[in-house]
Structure formats: C-alpha cells, structure tokens
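**Student:** Residues per chain, in single letters:
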Amino acid sequence: MEPPSASPGEHSLDPLTRFTSIPLTRHKLASLRSLVINPSTPISLITSILEALSRHLEHGGDSLLLPHALKLLSELASHRPGLSHVIFDCVRSRLFSSESAHVAAESLDAIALVAERDETLSSSLNGQFDSFFVSLCFNRSVSVRQWLLRNAERFGVGSHVSITVFLGFTKDPYPCVREAALDGLVNLGKSSVFEDRGLVEGCYYRAVELLGDVEACVRCAAVRTVCDWGHILVASMQGTEKREQSDATFIQLCSMVRDMSMEVRVEAFVALGKTQTVSLKNLLQSLSKKVLGSMKENRSVCQSTGPIELSASSVAGAVVHGFEDEYYEVRRSVCHSMRRLCMISSEFSGEAINLLMDMLNDDSVIVRLKALETMHHMATCDHFSLEVMHMQMLLGTLVDKNEFVRAAVRKVLKFVKLRDLELLKLSVDGLIENLETYPQDEVDIFSALFHVGLRHGNFVACFIDEVFHEIEPSSDGKLSLDCARVAALLVLSIAAPIFAEQNIGEIPPRVFSYAVTLLGRISHAVGDITSQNALFEYFSQGSSCMEDNISEFVEQILANLGKDGAASLASNQINDLDQFPLGEATFEHMKTYAWRLWQPTEEPKLTAEQLQIHDDLTRFLNGIFTKVKAIWPLVKAGFTNEVLKILRVCEEELETVETKCTGSPALAFTLQYIRTLKLLASASSYFHPTVGQCCRVVSQLDILLVKLERTLRDLKCRFTGLSKKDELYLMELTSVSLTMNFSKLMTGCSYSTNLKRLAAVLSRVECLQQEHGVGPSSFLSELKKSMPDIHSAAGSMFSVPHFLRKMLDAFSVKQFELSRTLLSLSAEITVPDNDSENPFHFIQGLPVGIRLEITLRNISRENRLWLEMTVGKESKQFIFLDLKLFGGSNELRKVTYFAAYYKTPKAVSFTLRVGIGVECFPEDIHAGMNSGGPKRELTYLSPVSEVYFSAKSQKLT
Amino acid sequence: MAIDCLVLGAGQEVGKSCAVVTINGKRIMFDCGMHMGYLDHRRYPDFSHVALDGDFSGAIDCIVITHFHLDHVGALPYFTEVCGYRGPIYMTYPTKALAPLMLEDYRKVMVERRGEEEQFTAEHIAECMKKVIAVDLKQTVQVDSELQIRAYYAGHVLGAAMFYAKVGDSALVYTGDYNMTPDRHLGAAQIDRLHLDLLITESTYATTVRDSKYTREREFLIAVHKCVAGGGKVLIPTFALGRAQELCMLLDDYWERMNLNIPIYFSAGLTIQANMYYKMLINWTSQKVKATYVTRNPFDFKNVRNFDRSMINTPGPCVLFATPGMISGGFSLEVFKNWAPSEINLVTLPGYCVAGTIGHKLMSGKPTKIELDKDTEIDVRCQIHQLSFSPHTDAKGIMDLVKFLSPKHVILVHGEKPKMASLKGKIESELGIPCYDPANNENVNVPSTHFVKACASDAFVQSCLSPNFKFSRRNREYECSHQKDSEGVPILQVRDERIAEGIVVMEGNKEAKVINQDELLHVLRRERHEVEFAYCFPAQLSNKNEEPSDTSTDNLQCPYRKCSLLRALLSELSKEFPQVEIQDFGEYVKVESLRVAICLTDECPYRVGGHPLVGCGSVFLCCKWLSRDEQLVWKMISTVRTLDLSLPL
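Keeping their order, the protein sequence lines are chains P and C. For the first sequence, the numbering used here puts the final residue at 998, and the numbers step up evenly by one. For the second sequence, the numbering used here puts the final residue at 650, and the numbers step up evenly by one.
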C-alpha cells in the first residue's frame, strides 16, 4: 500500500509519473483509493490521480477495472467537492462510448453519485440523460434493466420519459423487471403530477391486468400500483364517475385478499387501509361473505349482470377473510386498515366492531394489540358504539396475561363513550377485577377510572349512590381503604363532579375526605392531567360541599385535556367546549364554563402549613433537610465517611420515592441537593486539619470541585420558583465552591476569572439581602472580609490551606423551605422513526435535516435554550432554539423541529447525540465559547438522544 | 388430445370418491373410497368400468389418495388385494400413517360388532399399505417417464392434499376434500397458480356461504358452557381425527381461560392414538399451531382425560368426544342411547351427516322419538346443537379456488345434485369456465393442451432479447359501438412485440421452427412480392394567382414549384386527417403506405379521367399504395379531389 504522502514537493512528482505511465491494476487502484480518502493528500497528487483515472476511462483499458475506476472517481468527487465538475464531465464524455451495458450503467451510477453531492450538477442533470437512459433500458441485459428502473429517479430522467419506460416494461417477460417497473410507477405517482387522463388510465388498467400475474412479487407491486394510481385517477374525476371509479379500485383491491400468497394479502389490506372514499354498500359487502341485497338490487338497475355480480362476489367478505387468515401478519394488517375504513362510515364501524371484538381472542399478542389500537382510534373519532356483549369481550381481555394488552384495553376504556349505566357498571367492575388480579396495574387503572368518571359524571353519580355503602366505614368504624374495590370506587367518584352537568351534590362530600387518604396514589395516577397540590385543593373543597371557588385543579384538567384529548373530549357531553378549538386562546372561555359549573363564591386560601400537614411528600422532604442539616457538624469534625454514608442512605430513600412519583420537582431538587452535599462533604474533607497537605491529592480534589460546580449549576438553572431565602442559600453554596476553587493551582488568567465570578456572586448576594432584609451568614461575612486579601494575593500565597479552612469553618448547612411554586425545567427530545436498525440516510459531507419532537416544560421566555449536536468527542454544533417557534404555554411547549446538521463525517455511518441545554445565569461569567455557540455554560435539561445515520447507497445488482 | 374423466364414485353424491382420469394416454385413479350409507354392492365403486377383463394393473398407471377418510380410501384394500391391482399408490406421509388405522377400525366395527361378511382382512390392509409410496408436499414425483404428480396442502384433515398431475402438456388438479379457511389446528389450502386444463373439485357445500368462523366458535362455546353449567352432559360425536382435535383445542383453550374444571373425555382408543399422530405430524398443521409448538405442543391437552364405558351413567356434568361422527353406530350411539332422554344434556352434530344415519335424522327437524331398529326406539329430549363448522370449503371458497387457478374446465364431484347444478351455473356464468357435474359411471371428455415443440432461429432469439414494446390507443367510439362491456378494457394498451413477431414454420416432417419475420422469405426461398395499387387523377388548381395554363406544365418541371404544390397538399391533408401522420419526402408525400406524387408523364398508365381541365391549371396526382391501407386511401383520394390546391406564389 502506498503511504499517503503528507508533504508536497519531491514526493508528489514521483507517484504522478508512476500513475500516469503504468497501466492501472486492481492493486494500484486500491492504493490510489487510500490516497483519495486521505484528506491530507496534496491537491497536485489528487489531480494526477484524476488524470490517470480519466485516461484509463478514455482508453477503455481493462473493462473489468472500469467499474472500480468509476467508483474511485465518484469517491474522489465526494472527498474533493471542487473536482466534481471535472469528474462529472469526464465520466459523461466516456458515458456514450461504452460498449458494455454494465459499464454504462456503472458510469451512470457514478454520474448520479457525483451529482447527488453537488447541487449545481444535480439541477443540470434534468433530462440530460433521458435518451441514454432509454437506450440502456432497451439493452438486453436484464439485471441492468432492472437496476435502471429501480434507480430512474436518480438520473433526473423526465417524468414523461420514465412513465413511458415504466409502462412499457410492465410487459417485460422477466418478473423482476415487471416488479421494478410497477414500483417505478408507484414512486412516479407520488412525485409527479400527470394531467393526461388517458395516461393515468393506461397505468391503472395495466396494473389491474397485472393483478393476475403468475409471480407473487409482481402481484404485490401491482396491488400497490392499483392503489396509488387508482387514487390519482379518482382525483382527476368528478361526480358519479368519481364515485364509480373509487368503488372500482376498492373492488380490485378486495379481489386480491384471497390470493394464495401471504405477502400479496398483506399488501392488499395495506392498500385497502388507504381507501379514501368508497360507497357504503361496497363497504358493508366486505363484511359479509354472502352477497347482500343492496348489491343485487343494483344489478337490476344496471341491466348488465356480469360485472356487477362479479364485483359483489369479489368484495364479499373481504374483511372477514382477512380476520380469519392463518397468518398473523395478515390479521394485523386488516386490523390496521380497519382504522381508515371505520372512519369512512359509522354504519360500517358499527358492524365491523363484531369482527374486531373477536380478534381479542386471537392468539397473537400483536394482533390483539392492533385490534385494541384500532378500537381506540374508533373511539376517538366517535365511531365506536359498544353493546353489552362487546363489553363483556372487551373486559375479558382485562385479565389478559400480557400487560401491554391490558394497558391497551384501559386506553380504550378511557376514551370510550358508554351509552348507559349498565355498561358503566360493567366496565367499572371489569377494571376493579383487573385491579384485584393485577395490583401492579394500579396507576393505570386509577387513571382509567378517573377518565371514565370525568366522561360519565351523571352515570357515575347514580352508580356511586348505589354502592356508597361499600365505601362507608363498616359498623365498627373501620374504613376499608386498603381494599382495591373501595379505592377504585373513590377514584371514580371524585372524578365525576368535574364535568357533571347539573349538580355534584349526588356525590357525598365525605367521599372527598376519604379520598384524601389516597392522595398520593391518586395524584400519581392522574399526574398526566393535574398536580398533587391542585388535587388536594380540590379534595378539600369537595369535602366542604363545594362552596369554594373554581380551583387551579379544574383549570389544569381543562388545559391538559384540551391539549391531549381535544378529539376525545369533543365527543363528550360538554357541547360548549367543542364549539371552538381547544387551546390557549380559549382558556378564558373554559374557565368561565367551569365557573358556571361550580357556582363559585370565593377564592380558596390554602396555606403552606396546611399543605405540609397533608402532603406526605413535603413532610418527608423536610425530614431529609433537617437530617442533613444535623449531620453537617460531623463533616467539620472530620467524620467524612460516616457523613457520606448517611447522605447515601438519604439518596437511596429519595430514589425509591422517585420511582413512585416521578416528575415531582421538589423531589428532584432534593435529590440534586443531596448529591451536592455529598460532593461538598468530600471536598471539604481535603481541607480538614487532620488531612495534611502532603496527603492532598490535587487532581482528585479538582475533579470533585468541577463536579460540585456542575451540580450547583444544575440546582440553580434547572429549577425555578425558589423562594428568595432559598436562592440566597444557593448563592452561598456557590461562593463556597468558588472559594474552594482557589486551592487549585491556577494560572493567573483562570485565577482572575474565578475571582470575578466570586465578586459577581457576592454582589448578587448583597442585592438579595437588601431586598429581603436578612443579615449575611457567618461564612459570607467572613468571605467579604477576606476579599481584599484574596484580591491582593497572587494565587500562590492564597492556596495555603489553613486560610481556606478558616473560612470553610464558618460555613454551615441550612434548611431549604421548598415552596409550592417550585418547578423543574425539563426538555425531552424524541426522534421519530429512527433507531440503530433504521438509521436516517445521509450523504457524506452534505448537511442532513433531522426531525425532532421537542417537548419543553416550565421554560419561560427568559431562558436561552440551545440544541447541542455532537458527533464523536469534539465535533459539536449548537443551534439556538427560538421559543417563538414553540406553541403552548410556559408549562408545556411542544414543537416538531427540523434541525440541520452540517458537518456530516466522511463515514459510512455515524451516531449524533442531541441534547438541549439552557444557558446559565449572568453571574456565571465564563470564558466565552466558540463563536456561534452559547456564551455561557450550558446546563442540560434533557437526556441525550442518539440519532443514527447511515450512508447506504444503492448498488448495481 | 383430450382428457377423459370417468367418475366411478362421488358423482352427484357424497361418498366413495373415485375418479379415473385418462390424460394423454396415462390413467390415474384419484381416491378409492367407500360409501358409508350402503352395505350392499353400492358401497364400492364399480371397478368393472375401469377394465372389463379385470386387468387393473395394466389399465391404471397409478392410484393417488388425497386423505385418510374412508370415503376416500375405504375401498383401497379391496381394490388392491381382492381385485388385484398391483401398481403404485401415492399418498402423503400422514395419510399413509393414518389410513391403516381408519381401515382397521372400520373392519373391526363391521366384522366384530355387526357380524358382517369380511370384505378385506387385517392382512389385506397391511399388504395394501406396503404398496404405498409416501410423498411430501410440493414434491414432484415422476411416476413414469411422462406422468408427474405433485401434492399441495389442502387443509381439511391432517395430511390431506390436492394432487396435481401432468402428462406432456396437459395438466389437471384433483382437490380431494379441502378447506379454504384455516381452523384451530389446520391451515388453509395452498396451491400455486398453475396452467390447468381441468380442475376436479369437491362441492360438498356448493351453495352454502359460511360467515366468520369466530361466530360459530363463540356459539358452540356458549352452548357447551351453558349445558355443563346446568349440570348436563355434552356428547360430541366426531370422527376420530380432525374435528375432534379442532373442537378439543377450542374447548381446552376456553376451559383454561374460564378456569373451568369440568372433565373433558375422549373415548379411548382411536382418538387417543390420533392425538399422538397430531403431536408427531405438527409440520402438517396450521401456522398458528406451529408457532405455539415452540413453547409447548398444543395437542397436549391440559383438561382432557380418558373415558371408560362404566362412566356413561356417572352423575355430574362432563364433555365427551366419541366416535363415529354421525352416530351411525359404535360408541357414540351407545352413549347417545343413554343420554338422549334427559333434557339437560346436549348433543352436538357435525356439519354434515350422511342420509340414513341417526345424525341425519336428528338434523332434519327435531324428532322426539328415533327408531333404532324394529325393536328399539329412543326418546330424544336432549338439546341439539348443530355445529355449522366443517372442514370442507364453502361455496365461496370453491369459487375463490376456481378463480385463482382459472382452469380451462371444471368437474364437480362429491356433492348433492341440485346444489352442484347451482354451483355449476355460477361457475359458468361468473367465471366463464365450462363446468360439468357428471353422475356416477359417467365419462366427461374435455380437450387438453398440446404444445408443439419448436426450435427457434438465431435471429428470433436475438430479437427476443431486447425489449420492443409499443403503445396503442384504442378508439373509444369504436369500443363503445362494438363491445358493451368496454368498461375495464384498457384504452391505452401496451404490447411487447418481441415474442409476438415470431413466425412458426412447419415444413413437412421437419420439426417446427420459430423464425423472425425478416427471415421468412429466406426460409421459404421466395422473393418478396407486394401488390401495389396505383391511381392517377387530376387535382384542381384554381387560376387566381396563376400564370397562363400553357406555362403551368413548364412550371411544374421546376422543383421549387413541385415542392410548394406538395406542401400545399400536405397542409390540406393534415387539416383533414389530423390523426394520421403525414410525411413529406420532397418528391412525394407519404401516409402509411400511400405515396402521392405529381405525375409528369403524359402517358401514365394509371391515369384516369383524361386531361386536366383546360384553363383551370390542374395537375395530375399519382398515388401508389399497398392493399392494407385501401380504406384510408380511398377516403383521402376523395378528399383530395374536392380540394383546391391553388398555389401561392
């Protein structure tokens, strides 16, 4: 292998002469390639390689080597974009003189590859190779023909040319060519618009002919083509003609569901799932194997008996056959296509529900899940009317062994509209049975009950009236709240009054007092639509006979339902609500609506003390704070290990609680605080007198300090709504960390930066103190006193440990008083349709667009958010996220964001890590980042998501 | 060339399936069954029709058995051992394993219980089975140098197959019994798209269209559950193999789900043994069972126990599977006698019962008393549930299969006469395929395909290699006037000429040869001859802008003038005939094969109508064309005659 020579000069001449004089061999090409892909190969050498290669092309050379040479040329173009025009012209000039079709196809491929990377070239491609493409298609090599048809799009062949070619080759004797031609038609139908009715008809009818092909793969492609071109044809028609044509397409597709090949059947149902319009009689016929009367009637009108009879028999029972199919793949795709068909007609879905219910007995979990998803879909578009028999089958699935199936049933129940009390009773009983059999489902079951309650307030009121005695304490005064049934009934009953139409008096107020005991569990379950505090307020109001004002709770529920369940809510009794789009704009209206419901009188007053008594979480956290405060003297006494042990236990406790109620900002804050203290304790142990200077391991302390700084930054930046007192305390912690920083052996520059930051923190502290009227803590006053010393010190003197120790001794841990308004900033990124198995396609060196679903919580306009994209270790790219792009309120913003990543590496595949960070507060003056990026340090709000890319390129088959 | 199909059994009836097909000189017997409804000579097919002299081995090339049901295999030992057929017999592996069980069971019932004369002995069965060659699905078996057979999955029962037979270019499929929808334990029939001359299909349910099987399953389960919940006993008479396993799977699953612990019994013996075979032959079951097999064998029923005769009158609810299926005798009849008088009990009946059996009597109306024989009469008070699920395909399934295979002819067997007639009409009218429903011992003769082997010339092969497609747009008005069902016929048509343009040449005794069009004359050793028509006529030239007439002829000599005259003609013609392509070749104008030129010779032999009108400045136009364009040409000439080709100067 030729070593890539990095230095120009005498070396570059040598290979130049060698490449140009000696004929190329396979081996030589390999060594040339290593030169090409090396970015540091001098341009003169590259030019000579290019020359050698183009000479090889011109003289024909070894035909076996030609494809390799072409490949190398396209690679060269990708590595040296400046040369792509030269290479393009070179290959093009060679293109028309090649004898072998394979070589011609290879050169066309190379041209396409070069052009794909260069915009100026790709635009000039249009129509340039039409005639060459066509003549090559007519070559006798079948594999080349197939490959050309599959890649026609890449060569910029005009749509009028390609449609002719595709249409012609649907007659090819080779099935693979027919398939490729049909697939080409499908793609063409998506990308181009065809005005000529005759042409569209030609394609459509040609595909219809091929539905009877001998080869299954051709039939598959024909089904796709009939589906797509059928839609194009329908779109070009009007009135009766349109209706007849959409029926005809439907009939053609239905006739394929009895094919002997499983793939064809799956394809047929997928195509049926794309049906846009079809007449009701055809739809209903697909549910019955017997030819329906309505289809027969039609015949007498039309007079022409043959085709109608045939059409009826091919549509007959198409869906039923799908449901009965032996292969789960087919059954799954029927279930899926039912979504679309059910949306077309409510009469159809009314009948189809019988069949769909039977699928709940299917032995394949995938099919059961799909069937349930379809039901959920039907429920959200209000085409889902349940009978008692259906209900029994649906609820039977609640005891399914598979947890996902159970969850899917509950999801259906959340959205379904129950017609009468009996159905409600059945479903509640079913859910309770589910709870008794599978206690681990509790969270979701409560949530389901809550939703059922919300939706059917009046029925629930009647129902609770009947079963209230079960909730009531027994004669010996024992309240059986640990019993699953009672808990479930409580959840149901507390949800009922929220949207009930007339009065909520039917739900006894005592229920709310009982429910308070379950506050934690209920709030956990309904965390998606309301917070614990709001729920508590609501309970306390409910128990005092609803005399109070509309609470934050209903606002929240309305807002959240408005966002998540607008469609489902629209089917509810609240008709006022679905008159206008739900969202921020209509919030005022919703509020007034809720006011009317609640007949409000007075604003509720709920003090923090009240909250603390009832809110077990808050109590628990306060306990932790006290404990932590108490152990700090141990640190000063030097029992660092013991302290760390205690803190670790605290951390574990908090973590277990966190698994139960995720998303509580107070909990997250406390956890972060404990981690900070752990670091602080470890760090201060280095300053303890018993630990001598000699034992001090500088690097370890430095690492600790960096970590400490980061956790503190998290505390400051990721939470908002801290009280001033707490904020002050955080400042103090920051200044401790900065003070400790002085122990590092710092250069003059970083020393002064640290100093500046400390000064900034202190001035902010002063500000806060004045605002709040509190005196400085002992540490802060000590620090302020030593500030002039620190200024004058040049770093070396100041690193004397006893000086620092003296100051740190003055520091003591205080207690946080977390207020109700504490919120945690968070962001979430999901990348749809991407995982390591399905990477996005990218072209080396060209930017890629990535679709990101971003959800932001509690982010206000002041926050400066950055999207950070990282490949490998250092290649970072930042994008500023303008909050104006996001909809929603501060609590929740959502957007689908298209981020562009520019520096795609020259690799076959790579992984991009994407994260969202917020810029820290101004007092954190820090060395500016490189231009274009954030000015200050970032605190990451989201877990890093990975996006996968791969540069697969289609090869000649 | 033709295919002869002699129906020996199951012609317009159900039972004793047997069809002897002669295809290109080869004779195949499909199935060799017995009729369960008769005890006399009618029970076997009349084999004398096959060979009057009794030399069956010489008359028949092979026997193909589709599945192990007695009405398909029952007469086999008799035919081989008693009648003396010695040729090969083909069946699938499971059929080979299960058929002797069925035959032996039947023999025992006949001889030991009823004390009838023995038709064949146990040794006969064993000997007969030795002659059997087992085949696998989709395995092509070369019976002899010409005859090929291949088995395809048919559903129905374990090991059931449809058989494809091919001799030379003629091919046919005999379906046996099949099912087009999968059930709990078996898959749906599965066959390739074949080019067939003949399809012989069963038609048990020629007019029935069944709805979703799920409804039937649900109804069955509800009926059984209701009965056992009320303390009743359920008798499920079934064949040992097939239905029993399907229903049992259904019940076992349901029991599991509903947590029931009422016993399910299998009458000992055959059924237990059959379950074992199912466990072994898992590969022949449905996709579903095969998938389950990874974790457990679905034929290991959890709730099923063996039944003992003494338990018939044990109190308490239970479910019992007993043979035979149509309560025609044996154990199921014994149990039926005991359980029928109680209202709380339930008897389920299979979907089909042969006339003459008790099952058939129960199905037709709800009798209160059933005469067993002269002396015994049974009170029937129990509930009766008819199982409408059956391992046979329904009418829609038959139609679907026929449509999928699109054979040239269809013969219906194994069905009831009136229903078959109705299906026959449907196949003929809807699918346009000639269909027959012969009675027993009737012969149907259908033409068969015969391909001529031809070698291809090099030029033809060359021309075939490259695609050569053409588009043609069909005239809409023409379609509308000539064909009423023009809907669905493509307007824009595509043709690939590369195969169509060959010409088959058959010379004397030589082998046929396919050649390219261009080679034809060479092969025939002939010159190319073409009949050309010619017509020379005067065209009008009005004399405005004209020179005096005497100079007009001179003017015509000058090429420029001739050109402009032709150009005028061209533009006029393109106006009149916008749909045809008109080319200008300078010297003449060409439309298809028509060439129009200005005639300059005075002595033109094709001239008609004398000299151009004096003073009008007319010229002669000479036309030449080939016969194929005659119509068009005359239309054009008559148009040109009316034109005024005044020359712009």
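No lab work stands behind these hints: they were computed from the structure. Check before you lean on any hint, since a few could be wrong.
To be verified - DSS-like cross-link-like pairs, simulated, lysine-lysine; straight-line CA separation at most 27 angstroms: (1) C/Lys362 x C/Lys427; (2) P/Lys935 x P/Lys748; (3) C/Lys367 x C/Lys227; (4) P/Lys757 x P/Lys947; (5) C/Lys471 x P/Lys331; (6) P/Lys322 x C/Lys97; (7) C/Lys427 x P/Lys331; (8) P/Lys797 x P/Lys855; (9) C/Lys227 x C/Lys425; (10) P/Lys331 x C/Lys425; (11) P/Lys322 x C/Lys427; (12) P/Lys442 x C/Lys280; (13) C/Lys227 x P/Lys442; (14) C/Lys418 x P/Lys331; (15) P/Lys442 x C/Lys303; (16) P/Lys935 x P/Lys917; (17) P/Lys331 x C/Lys280; (18) P/Lys442 x C/Lys418; (19) C/Lys291 x P/Lys442; (20) P/Lys748 x P/Lys668; (21) P/Lys466 x C/Lys227; (22) C/Lys404 x P/Lys315; (23) P/Lys231 x C/Lys214; (24) P/Lys322 x C/Lys404.
Here the structure is a predicted model, which is why all the values come from computation and not from measurement.
**Student:** Between lysine 748 of chain P and lysine 668 of chain P, does the CA-CA distance stay at or below 27 angstroms?
**Tutor:** Holds, at roughly 23 angstroms.
**Student:** Would you mind confirming whether the straight-line C-alpha gap from lysine 291 of chain C to lysine 442 of chain P stays at or under 27 angstroms?
**Tutor:** holds (21 angstroms)
**Student:** Between lysine 466 of chain P and lysine 227 of chain C, does the CA-CA distance stay at or below 27 angstroms?
**Tutor:** With a Cα-Cα distance of about 24 angstroms, the restraint between lysine 466 of chain P and lysine 227 of chain C holds, given a limit of 27 angstroms.
**Student:** Does the alpha-carbon distance linking lysine 442 of chain P and lysine 418 of chain C stay inside the 27 angstroms limit?
**Tutor:** Cα-Cα ~50 angstroms, so violated.
**Student:** Below or equal to 27 angstroms on CA atoms is what counts here, so check lysine 227 of chain C against lysine 425 of chain C.
**Tutor:** violated (41 angstroms)
**Student:** Can the restraint linking lysine 797 of chain P and lysine 855 of chain P be considered satisfied, given a maximum Cα separation of 27 angstroms?
**Tutor:** Distance ~26 angstroms between lysine 797 of chain P and lysine 855 of chain P Cα, so the pair holds.
**Student:** Check whether the Cα positions of lysine 322 of chain P and lysine 97 of chain C lie no farther apart than 27 angstroms.
**Tutor:** violated (49 angstroms)
**Student:** For the pair supplied as a hint, lysine 322 of chain P and lysine 404 of chain C, confirm whether the alpha-carbon distance does not exceed 27 angstroms.
**Tutor:** holds (23 angstroms)
**Student:** Holds or violated: are the alpha carbons of lysine 935 of chain P and lysine 748 of chain P at most 27 angstroms from each other?
**Tutor:** Distance of about 31 angstroms is beyond 27 angstroms: violated.
**Student:** With the threshold set at 27 angstroms, check whether the alpha-carbon distance from lysine 331 of chain P to lysine 425 of chain C stays at or below it.
**Tutor:** holds (18 angstroms)
**Student:** Decide if the proposed pair is consistent with the structure: lysine 757 of chain P and lysine 947 of chain P, CA atoms, cutoff 27 angstroms inclusive.
**Tutor:** violated (40 angstroms)
**Student:** Is lysine 418 of chain C within 27 angstroms of lysine 331 of chain P, Cα to Cα?
**Tutor:** holds (22 angstroms)
Checked against the numbered hints given earlier, this structure breaks hints 1, 2, 4, 5, 6, 9, 17, 18 and 23; the rest are met.
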